[in-house]
Structures are given as structure tokens and as C-alpha cells.
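Chain order of the listed sequences is U and Z. Mind the numbering: the first sequence is residues 1 to 111 in this note's numbering, read in order. Mind the numbering: the second sequence is residues 1 to 511 in this note's numbering, read in order.
Sample of chain Z residues with no beta-carbon within 12 angstroms of chain U, all distances over it, derived:
| # | residue |
| --- | --- |
| 1 | Ala34 |
| 2 | Ala45 |
| 3 | Gly68 |
| 4 | Gly114 |
| 5 | Gly282 |
| 6 | Gly298 |
| 7 | Ala400 |
| 8 | Asp460 |
| 9 | Ser462 |
Derived Cβ-Cβ restraints for the label pairs, each shown as a range:
| # | chain 1 | residue 1 | chain 2 | residue 2 | range |
| --- | --- | --- | --- | --- | --- |
| 10 | Z | Val449 | U | Gln65 | 54 to 62 angstroms |
| 11 | Z | Ala305 | U | Gln65 | 48 to 56 angstroms |
| 12 | Z | Pro411 | U | Tyr7 | 58 to 66 angstroms |
| 13 | Z | Val449 | U | Leu9 | 52 to 60 angstroms |
| 14 | U | Ser77 | Z | Ser311 | 37 to 45 angstroms |
| 15 | Z | Ile33 | U | Val73 | 16 to 24 angstroms |
| 16 | U | Ile33 | Z | Asn64 | 48 to 56 angstroms |
| 17 | Z | Ala226 | U | Ser77 | 24 to 32 angstroms |
| 18 | Z | Pro411 | U | Thr24 | 48 to 56 angstroms |
| 19 | Z | Val27 | U | Thr24 | 41 to 49 angstroms |
Footprint (simulated), chain U over chain Z, 3 or more residues, beta carbon under 8 angstroms:
| # | segment |
| --- | --- |
| 20 | 164-173 |
| 21 | 180-188 |
Simulated from the structure, these hints should not be mistaken for laboratory data. Bear in mind that the values here come from a model prediction, so they are computed numbers and not experimental data. All residues carry an ideal CB built from backbone N, CA and C; glycine is no exception.
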Amino acid sequence: MSPTTLYGLFGAALVGLGLYGLLTEPRLLRKIIAFNLVGSGVFLLFGVVARRGADAGLAGDPVPQALVITGIVVAFSATALAVALLLRLHEAGGGTTLDDDNGAGPDRPPS
Amino acid sequence: MPLPEALAAGPSAGGGWLVAAIAWPVVALLLVIAGGERLAARTGALALPVGIAIAIAVALDVANAGAGGLTYHVGGWAPPLGIALRADWLAAAMLLVTAVVATGAGVHALADFGPPRAGSPGRASLAFWASLLGAWAALNLAFLGNDLFNLYVALELLTFAAVPLVCLDGSAATLQAALRYLLYALVGSVLYLLGAVLLYGAYGTLDMGLLATAVRPEPAAWAAAALMTAGLLAKTALFPLHLWLPPAHAGAPPAASAVLSALVVKGSFFIVLRLWFEALPGLANAAAMQLLGLLGAGAILYGSALALRQSRLKLLVAYSTVAQIGYLFLVFPLAFDASTGRLAAGTALAGGLLQAVSHALAKAAMFMSAGLIAVTLGHDRIAGLGGLARARPATLLTFALAGVSLVGLPPSGGFAAKWLLLSAAVATGQWWWAVVIVLGGLLTGAYLVLVLMHALSEPDASAAAPRPVASWRDAAPLVLALLAVFMGLAGLAPFEVGQEAVAAQAHGAMP
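Model the full assembly from the supplied sequences, consistent with the hints where possible.
Structure below.
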């Protein structure tokens with residue numbers, strides 16, 4: 001198995017783990033971390049794509065690397081915004097999980 | 001494209017206004033932040049009319065440019081090395097309606113988020129104006145971008161500007177709604193990005209024009225299209241991914257709700273359109289397009305039924321948005337041409353665009369008038385609306401006029417949109433979508449008549465006296481509602497011209 005394929009599989013695994021966490025995890029901080037896992041998986045795939053472009057005789061395709069820098073900045077900003085909102089929610093007494101609309105959530109915070 | 005050829009292609013003439021449409025809101029945003037809390041409202045309010053002028057300039061340039069629309073190569077670098085901005089009649093119409101609705105929301109917001117008076121904190125004002133201008137810049141980028149990664153950045157900027165609009169009051173309930181919205185939006189954009197990586201890996205470009213000629217129906221392209229579409233649907237709040245929308249849109253201040261419901265969800269919808277009509281035309285197939293239509297039909301019926309069951313006015317209006325988004329997705333099955341296996345730009349696309357534009361105008365007007373009703377009565381319980389017709393006739397008139405367009409009564413823009421969709425359904429022999437469109441119209445009529453009946457009834461003896469609200473605040477929503485109502489008359493002519501232009505483009509420019 002070539003290293004590129006291995007990286008690709010690891011990227012896919014990270015995306016899968018992150019999506020699972022996003023869907024099943026009720027706690028918001030863990031959801032935010034799960035989102036970062038998905039993001040890391042996607043960024044790893046950018047690296048794989050850059051490496052595959054190198055098959056054309058170049059040392060590496062620079063475009064995905066430029067894209068990934070932007071992607072990392074965006075994901076970092078998103079995480080900062082989410083954590084800031086979560087802190088405000090905690091201060092406002094809204095707990096650290098998402099309320100279900102019908103109040104039937106598995107662990108509804110005391111309100 | 002070989003390297004020397006790419007370098008030789010210079011920027012096309014006349015694209016300067018496209019840059020202005022994106023740069024101006026960003027400049028205004030920076031000025032708002034630099035000016036601080038005291039000057040935020042004045043700077044923002046002055047920047048908005050300039051945006052309308054820029055949008056008109058783009059529309060005139062597009063009309064002059066003819067069928068191909070306008071293209072601008074940023075920095076003089078042609079794709080695939082550089083990125084392109086492109087405006088056609090679809091983008092020009094969206095730019096224009098965005099500028100108009102944003103200006104209406106801005107004028108309306110001068111009461112809530114105006115220059116700070118003695119003792120009132122100006123932070124919410126600064127946050128509102130910065131977010132409004134940020135959302136506007138991101139929307140313009142989403143309408144003009146021709147590069148899938150550029151569009152990803154536009155989507156993320158749009159989310160970052162829209163989330164603060166949801167939780168301007170900082171209460172636990174709106175913070176919950178904002179976080180739920182943010183998580184949906186982030187998952188949506190990361191799925192979109194994953195799809196974009198797959199496309200780049202398979203075809204080596206992210207430019208929509210170059211992708212259109214390169215993409216072949218094969219697993220990598222299918223996976224990419226599915227991931228990107230799913231991500232965009234989560235951001236557009238298409239049923240069944242709509243759960244975040246009602247609490248987020250109903251909890252925000254009226255001017256912010258207007259921007260969120262009228263414009264922000266259209267940004268991601270527009271990218272779905274671009275993706276299927278232009279970037280991946282070879283991938284469309286009957287089953288996928290019917291599935292998109294089915295989700296749209298689910299949104300229309302489910303959203304309308306839930307709107308009918310709401311006891312609070314703002315939630316009713318928010319569920320109405322869930323339903324109206326459904327109409328937008330009927331474009332896909334109706335525009336699919338089975339003989340060529342491609343989406344054809346014709347009646348269905350014109351109807352979809354008209355629906356996006358008229359819903360933007362009507363829903364902005366409706367959210368603002370619902371906000372004024374809530375301020376007048378001190379609550380927004382539908383059962384307690386009695387006496388409103390006497391207390392605030394102009395506000396109720398605005399609400400009703402916006403409703404005329406949502407239901408689709410002539411001569412409104414909503415009527416023209418639904419008429420075009422209906423005729424596309426008949427012309428392509430897909431009668432089941434016509435049934436959905438008619439049923440949706442009936443349900444919309446039912447929940448709006450319910451509101452009007454309560455508002456026209458006598459007030460309860462126990463009801464508190466209505467509070468006075470400055471009458472100028474009715475102006476912005478009334479103008480938007482009138483635009484929505486009369487767009488059916490004024491709007492159809494340019495749309496037909498646009499349709500012909502697109503048809504000519506589709507026949508002439510296809511390789």
C-alpha cells in the first residue's frame with residue numbers, strides 16, 4: 001500500500017469519526033472537537049490530492065496546499081466563534097448541551 | 001490549458017463593477033468597525049444605498065454584455081491558475097434584491113440599532129451593522145464567485161456574519177439557536193469542502209467553467225456532487241435539515257430575521273443552482289433531480305402544516321420560510337430535460353429565480369411587520385392579535401400584502417413564480433409537482449387567513465392597551481411588500497429577456 005493511499009484512508013477515518021461524534025455527542029464542546037476532526041480529515045485529503053498531482057512530474061501540486069492554509073484559518077475562526085458562543089451560553093445559564101425542541105432530549109440541562 | 005495560453009488571457013473589459021459589488025460592503029464593514037459604536041449606524045446606513053447603485057450598474061453591464069454575461073479575472077490571471085468572477089442575469093437579479101432588502105432592513109433597524117442614546121449600550125448596534133454588511137459582502141461573493149473554493153470561503157463568511165445576527169440579544173434561548181445553526185452550517189460547509197477536494201483530485205481544477213467540460217459521470221464525481229449538495233441543503237434548511245431554522249429566525253430581532261430568512265438561505269441555494277446547472281451539468285440524472293424535488297415537496301407540505309399549527313406569529317413566519325424554500329427545489333426536476341440528460345435553463349429556472357427574489361422581498365416585509373406587531377401588543381401570540389387592525393392598520397396591510405405574494409395571488413411576484421413553475425410542470429408532463437404547488441398555495445392561504453382573522457377581530461377586554469410605535473417604521477416593510485406584489489407586473493419582462501439570453505447561450509456556447 002502506497003503512503004498516499006494510507007494517508008487517504010486515515011483522512012477518511014478521521015472524517016467518519018468526526019461525523020459520528022457530531023451526530024451522537026450531546027455535549028457542545030465535544031461536537032466542536034468532532035467538527036475539528038472532520039476538518040482535519042478533509043485537510044489530510046487535500047495533502048493526498050497534492051501528492052497525487054505530483055505524479056505528473058512536479059515535486060507536488062502547490063494549489064491544494066494554498067487551499068488548505070485558507071481552510072485551516074477558516075476552521076480555526078469557526079472553532080473560536082463556536083467556543084465563544086458556548087461560553088456565553090454557559091454564562092447565560094443555558095447549560096452546555098443543545099435543548100431538544102420538544103424537551104425530550106437524552107440529557108436536558110436544568111433550566 | 002497549457003501555461004502560456006493561460007497567462008496570455010487577460011481580464012475581460014467591464015468587470016470592474018463586480019469587484020466593487022464585493023469590495024464596497026467590505027470597505028463599509030471596516031469603516032463601521034473603525035468608527036466604533038457611536039458611528040456604526042450612520043456609516044452602515046450611508047453605505048447601503050451605494051450598494052443599490054453598484055447592483056444597478058452590474059445589472060446594466062450584464063444587460064449590455066449579452067448572452068455570455070460578464071467575466072472578470074482577478075489580478076489578470078485566467079483560470080485554472082487564477083480565479084474568475086462572473087455575473088449573468090441570475091447573479092445580477094440576486095445582487096439587486098440583496099441590496100434592496102439589506103437597505104430595507106437597515107432603514108428598519110435604525111430604531112432598534114440606531115445611534116446609541118445616552119445610557120443605552122451601543123454594542124448590539126455595532127454587532128448588527130457589522131454583521132449586516134458582512135453578510136451582504138459574503139452574499140455578493142456567493143453570487144459572483146466562479147471558483148468552488150472561492151464559494152466555500154463565501155459560504156463560511158456568510159455563516160460567520162449570520163450567526164451573530166441570530167443571538168444579538170444574548171439570551172440563553174437565542175444562543176442555543178445560534179449554536180445549533182452554527183453546527184449545522186459548519187457540517188454543511190465541511191461536507192461541501194470534502195466534495196470540492198474530490199473534484200480537484202479528479203479533474204485538477206475548481207473553476208466551474210472548466211469543470212463543466214471535464215466532469216464525467218463516474219464515482220468520484222458522483223460522491224463529490226452528493227457531498228456538496230447535502231452540505232448546501234443543510235445550510236439552506238431544506239426539509240428534513242430545517243430543524244435549526246425556526247428557532248434561529250424567530251428569535252432574532254426583526255431586521256436581523258428579515259436578512260436571515262430573506263437572503264442568507266438563498267446564498268447556499270444559489271450555489272446548489274450553479275453547481276447542478278453549470279459546474280456539473282453532465283451528472284444530472286432523473287432520479288437525483290426527482291429526489292431534490294421530493295425534498296422540496298416535503299418542505300412545502302410539512303413547513304406549511306407546521307406553520308398552521310403555530311401559536312406565535314414569528315414562529316409561523318419562520319415555518320413559512322421552511323415551506324417557501326421547498327418551492328426553490330422544484331426547479332431541479334422541472335428543468336431536467338430527459339432527452340439530453342441535462343438541466344435546461346428555461347421556464348423552470350426563471351420561475352425558481354423569481355420565487356427566490358419575490359420570497360426575499362415578501363419575507364423581509366413580513367418579518368419586519370411581525371416585529372412591529374410584537375412591539376405594539378407586547379407579545380406575538382396569534383390568538384391575542386384582536387384589535388390590531390384598528391391599532392396598526394398600515395402594519396397589518398404590509399403583512400397582508402406580503403402574504404399575497406407568498407400565497408401566489410396575481411399580480412405578485414409569487415404568483416408569477418408559481419405560474420412559471422406550474423407551466424413547467426405541465427409542459428414536462430410532471431403533474432405531481434403541480435399538485436404540490438397548488439396544495440402548498442392553499443395551505444399558505446390557510447395560515448395567513450388565520451392570522452388576518454384574529455387581527456381583524458375585536459380586542460379581548462383583558463388585553464393591554466397597544467403601545468405607540470413611530471409610524472415611519474412601517475415605511476421600509478411596506479415598500480418591500482409593494483415591490484413583491486407588483487413584481488409580477490414589472491418583473492416578468494426582463495426575466496423573459498434573460499430566459500432567451502440563457503437559451504441562446506445554451507445553444508450557442510455548448511462545445
